[in-house]
Structures are given as structure tokens and as C-alpha cells.
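Given chain A, put chain B in place with the hints provided.
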Amino acid sequence: MTEEIIVSFKQVEKKYEEESVLKDITFELEKGKFYTLLGPSGCGKSTILNIIAGFTEPSEGLVNLNGENAAKTPSEKRKVNTVFQDYALFPNMNVFDNVAFGLKMKKINKKETVEKVKTALRLVRLTGYEKREISEMSGGQKQRVAIARAIVNEPDVLLLDEPLSALDLKLRTEMQYELRELQRRLGITFLFVTHDQEEALAMSDEIMVMKDGEIIQTGTPIDIYDEPINRYVADFIGESNIVEGRMVSDYQVSFAGKSFVCVDGGMNPNEKVDVVIRPEDLTLTDATLGQIQITVETQLFRGVHYEIVGHDLDANEWMIHSTRKSEPGKVVGLQFHPEDIHIMRLGETEEAFDERIEQYASVADAVEKGGGVDG
Amino acid sequence: MVKNTKLSSVYLFVVFVLLYLPIFYLIYYSFNAAGTMNQFDGFTLEHYTALAEDTRLLTIALDTVRVALISSLAATVIGTMGAIGIYFSRKRRTQGLLMSLNNILLVSPDVIIGASFLLLFTLVGFRLGFYSVLFSHIAFSIPIVVLMVLPRLEEMNPHMITAARDLGASQWQVLKEIILPSISSGILAGFFMAFTYSIDDFAVTFFVTGNGFATLSVEIYSRARQGVSLEINALSTILFLVAMAIVVGYYFIQKQQRTRKKILAVDPTNHEKAVMP
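From first to last, the protein sequence lines stand for chains A and B. Under UniProt numbering, the first residue of the first sequence is numbered 1, with each subsequent residue one higher. Under UniProt numbering, the first residue of the second sequence is numbered 1, with each subsequent residue one higher.
Bound conformation, chain A alone:
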């Protein structure tokens, strides 16, 4: 299977007057994948969408759409459509006319338009709603109309600008499934923008984590969750325990006053590092059995698990997700495996990080599986 590059950014920068919104953005989007730009508001993710859609121009760098330089292509000529955060439906038209708008602009004949609108509405499960006014639709339905209006034009890339943020939690979860399903069925590249890490993890093939106009890390949801590049990503993607530590040697790290075996390497001896352990990877045991002892301070019942927070003797804070109950004031032990420990170098670039992970992860795999992986 050849991988077709639909969108590529090369060292794209965007400045508004003196303020730099995007700094040196480089990435490629392949055909038929679900991408997510994840970051807090104001990190520049919407600007990337606007540049792809052609609403703003980059100050520097090269943007290619379908292998061609897009600088001269006006937004209406691009095979790109957007679903807006507030849907931006046209209130003076009914559902049919809203969805048919793009086709009407392209002067597509009546019969074909009716066919295509019908198909699009069926895809978003709104068959029979053609004659409805926009004001009569609920939030979730408006959302679907907005999606239908975009996909009816058969774009190469569908841009979704925080489209689920206006919906309530239950509907949002439902729509996550539906969007993912829709993307698979259509085979269109989706570029989804959100600040919600759960949304990003649930739907994406690949996530790009952004901060202050830069892409900090790119990878599959599992990569990003399990191997965050730095404190920022670890913190942004899910709950995590981040403590300061020191690399004693390869596969040997010390933190919380003790030394542990781990699966990372490639640092200088005695280098200062950040150590990440996810709350769900920590197992609660008796104090004597645990590798680290902590004093429980608070315990919250979260439904699926208890969220327990405590401090060790070095005053590091630990959060544990446990199905077993504890109680505040009790001293308990924490157990974890070498592969649960993730080491982050301070100020490492993404390239260097990827290279190191590649090298040491494969060695670690080999070691774990008894020294031989064939083919």
C-alpha cells in the first residue's frame, strides 16, 4: 500500500504583527487517517486549520495540498472542508439547503444534488430531516448537519475545529464513536482539533501535541500515552505521577531514595531526569511488600476506581488508581514493573527522543522476550 501524502507543512511560521503564533511547524498527513491536534486554547492549533483551509496565509514556509504548493489556491478552490465549533449553519435555509450549499455553489445539477444530499444525510443519520429549519434542530442534530454539509463536497481533508465542545458529555462520547466510524467508512483524512485529551486518545490514528505554536510530540495515542516526551505532554495526556530522578546507568534509575530497574537508556550517567508512572500502573500492597512506601492522605471514590493520593518520605506526591480501598493516614506500599517506569530527559528534542526510544525499546523487548525475536 502506498501512502499518499494529502497535506504537508514544511517549516511553516505564522506571525501576527510581532507575535509569533506558529513556530517552525513541519508535518505530513496521509490519506485516510484520523489526525488530532491537541493542545490548550491559544496554542495555535486553529491557526493550522485556517492555513490548510486557506483562510489565512503562512508568514513563512511551504504548504502542500495533494503534492502541489497551495499558496496560490484560494480557499474556495481547495478540496478541504471545515466543521466549525459553533457549526456556522445558515439559519435562513433549511437542512436540505444547508447541506446542498456547497453543491449549489459548484453549479451541480438538481438531480445529482438531491442524490448527494440524501446520501450525506443518511451517513450522519438524519434521513427525513431535509425540510426542517435549523432553529428546530437540537445541538447534536445541528452538529450532524454541519458534518453532512462538509462531507457532501467529498473533500480530501475534513477539518474539525473542536466540533464536540458544545455538546453535553453523553452526546459527546456518542459523537466520538460516530465520527471515528464515519471517518473509516468515508476514507477521508480527518484533522480534528481539540483540547480534550480523552477525545484525542479515543479517536485518533495519530496525535500531534501542541504548545505555544510548536508541535511537541507526534505519535499514536498509545505512544503518546506510554512514552510522553516531557513533563508537559505527560501532564496534558491523562493523570500521571512525575517525580525527579537520576539515571544511575542504562536500565537503572534512582528516585524516591531508591534505585530501580527500568527499560530506558541512552542517557549520560547520573543525568537528572523526570520519571513518570501512570496512576493505574501502581498496585497497592502492604507496606513491607511495596517498592515504595507512602502515607495515604486523601481517597476519592471515582466509580471505576478509588483515586488515592499520598506522599513518600522524599515528599514526592503519588496518585494511585486502585480498585482496592485504603484509608487516609495508613502507610501502604506501591508495586510496579520495570516497564511501567518511563524516563524523560529534560529538554530533549522529538527527533532525538524517537531515535533513543527506538533503539532502547527494541533492546528492552529483546531482553524481555528472552533474547530472540525472529522476523
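These aren't lab readings, by the way, just hints derived from the structure by calculation. Glycine included, every Cβ here is placed at the ideal spot set by N, Cα and C. Among the hints, a few may not be true.
Claimed, not checked - Sample of chain B residues facing chain A (criterion: CB under 8 Å; computed from the structure):
hint: 1; residue: Asn157
hint: 2; residue: Met160
hint: 3; residue: Thr162
hint: 4; residue: Asp166
hint: 5; residue: Ser170
hint: 6; residue: Pro181
What the hints assert, rightly or not - Listed next, the stretches of chain A that the computed footprint assigns to chain B, with coverage defined by at least 3 CB atoms under 8 Å from CB atoms of chain B:
hint: 7; stretch: 293 to 301
hint: 8; stretch: 317 to 329
Chain B in isolation, oriented as in the chain A frame:
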């Protein structure tokens, strides 16, 4: 509290009596057989028949409507385009400046505007008459239209324009399909405001009418100066009734639209029931 509401309704009553009494006084004497407003002698319609035979006055009435219609139409077109221009002038400073220039024209006294038009027309050697009145009416109506249209533009969701562009609409299509439909109520309001302003303008028109041309307000003024003939009363009565008819008609149109919307909103599942088997 109760006492208070009573007092306020009395106050309201007095205000409305003061507002409407002169008009009703005028209407009352339009039926006076005596021919003056000193005392009421008996009922007659002779002032109305005299009015019907007064071809000069009828021509003037028609001219007034003609000027009002053409000028308000022209002002609506120019003013709407102006408002869209102001809306899209991205720099806040220019937007503010343009709005101030617009508002200055609205608040400056009619006399000054009239006098300056007179100066302008004589300076460039433009003959005073129908066209001088028409042009000046267009000119003072434009700011009114701008003022009515601009808030509608501000209310519009700007993402709609981006969305339309995203779906492949050209600039012209965006204007025709998206912007104009969403500001149509403002445009209509602007047109009616311009129309009424043109109909009852006296000061500006007074300066720029020439010998052969007059509007109703100017004509009534000049006749009233020569001693009031009750024909004026009859004319005013008719104008008042026409105005009232327009207001009542507008009320019913609005009411009808509102009830239609309400019927649609009564049961949003109606449609669903109809289409779902």
C-alpha cells in the same frame, strides 16, 4: 405600589392626550362648515371635495411620494453597501472613524444640512427643483440606513461567511446567499425609516426646492403662512389616516409572522412523526 401604578397610568394618559390632542383638534375642524378654526358651525365634507379638486396640491402630494420612494430606495442601496463596507473595514480605528462620520450627519441640524446643500447646488450651478430635492433626500437618508443595517451585520455569526467561503462560494455568492438574507430585516427597516424621514422632512427641502417644485411639508407651510385654510386640515387628516393604516398593517403582518413561527415551534416532533414510519 398600587398607588404608584395608578399614578403612572395617569401620567401616561396625560402624555398621550398632549400628544394626540392637537391632531384630533385639527381633524375635528376639518369637518367644520364655518371655514375657520374659531368655532364649530356644522358638519361638512366640502374641504375634502375642495381638496380633491385642488390639482396643484394633488400633484405636490404625488411628487412628495415620488421623491420619498426614489430617494429611500437609492439610499437603501447605497447605505447597505456602505454598512457592509464599514463592517468589513477590519481596522477598529477606521471602523470607528467611519461610524462617527456617519453619526455626525445624523445629529447635525437639518437647517445646516439644507443650507450647505443650497450652497453646494448654487456653487456648481445645479438648477433647484425635483433633482436637487431628490439628491439631498438621498444624502440625508443614507446615514439612517447605515444605522439600521450595521447592527444586523454585527449580530451575524462571522463564521457563516467563512463557512460559505469554505464551501466554495465566491465573494458575490457570499453577499447574495448569506449576508443579504441575514440582514434583510435591517435593510427593510432602513428603507421605511428613510421613507418616513423623506416624507416629513421640511427644513432641508425648504432650502433646496426651486420655484416650480414643492413637497407637501413646504406647501403646507407656505399655505399656513397665508392664513390657514381648512383644506390643510383635510389633507392632514388624510395623511394621519394613511400613517395609521400603515402602522396597523405592519402590526398585523408582524403578528401573522409570529403566530406562524409559533405553530412551527409547537411540536418539533410533528415532522418526525410524519416522516418516520
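Report task. Provide an ascending list of the numbers of those earlier hints which the structure does not satisfy. Result -> 7, 8
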